[in-house]
Amino acid sequence: METIQPKKIEKRLIYLQSRDGILDMFFGGMLMAAALNDTFTFYEWPVPWYIRFLIIILMIPAVLAKIIITVPRMGYVKMKPVSGGRKQTLMILTGTAVILTLLIILFSILKVPWLNAGNYAPGPIYEMIFLVLVFGIIGWLMGLYTLIAVGIILAFAWPVSTMIGLDSIGNMPADPFTLGIPGLIITLIGIIELIRFMKRYPRQNLNANYEQE
Amino acid sequence: MSKNENDLIRLIIETDKVIHEPARVVILSLLNAVECADFVFLMNQTGLTQGNLSSHLSKLETAGYIEIEKTFHQKRPRTIIRISPNGREAFKAYLKSMKGFYNSIG
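Same order as they appear, the protein sequences are chains A and B.
FYI, the numbering for the first sequence is 31 to 243, going by the numbering used here.
FYI, the numbering for the second sequence is -19 to 86, going by the numbering used here.
Incorrect hints may appear among the rest.
As the list claims (entries may be wrong) - Which residues of chain A face chain B? A partial, calculated answer using Cβ under 8 Å:
#1 Met104
#2 Tyr106
#3 Met109
#4 Gln242
FYI, nobody ran anything at the bench for these hints, they're computed from the structure.
Just so we're clear, the structure is a prediction, and the values are computed from it rather than from any experiment.
For glycine and all other residues, C-beta sits at the position ideal for the given N, C-alpha and C.
Let the sequences and hints guide you as you build the complete structure.
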């Protein structure tokens, strides 16, 4: 017998809320912004100031769209505060990431031969594992599956670009392909999801209200 | 009649009749998973009509299982619904008794 599990329902409700495509468009936009930023840097063009603030610039329409489109159509719901167990997992994850980063910086400064990352920046393998872990676990815990895809795309952007030879050509940046194209695809998926969401939750529900008997 | 059969009958008879209705089980399952939700959200998620949902909510409110708060948001009336501590306990007990029932019949 399939039992009623509050945790599963909670996760499903968070997932349903994210199916308005707005978060997908936000994540897609972020990936495209990262690709754009690296393209400007690669060609040594002056990076427009707004690219560096694109995360905030993109966040404003995303939040507004949630308020104007999602909440009135789908209805208002306040989720329970993050539970003890989940909070603990997130804290352990963040703590481990911080300790690992500090250790790598320390090893780089001390020039520990077998652990030296070469510079202050963490090495690519560590970065890959870190990105997949952080985005993957947060995405899984919150039921935001696009976040898992974003983590994998970010983690594999560099090795894929090296593998297909884009990084070694040297005459063009790899990021428009490895970050920009997935970003564009995620944005397009977001737009399709938003259209479907608007069809699923029509405006006719806007005035529905409780009638006391 | 064996002791197990007696327990089974007692379990069925003692089931909370206010909760034991498909629509109300769905409503309480949703409310149990969130802090609060408004009427439109519940209507969308349950697929019930405005009148039907109102009727079930009234029954749950009368039993003291939910709390209904009428507010205004952007000049529109908004009804916020949350499960009460009593409702949470009753729903937990209901789930436990249903699990026991299904386990006993295999």
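Hint check results:
| no. | hint | in the structure |
| --- | --- | --- |
| 1 | Met104 | holds (6 Å) |
| 2 | Tyr106 | holds (4 Å) |
| 3 | Met109 | holds (6 Å) |
| 4 | Gln242 | holds (7 Å) |
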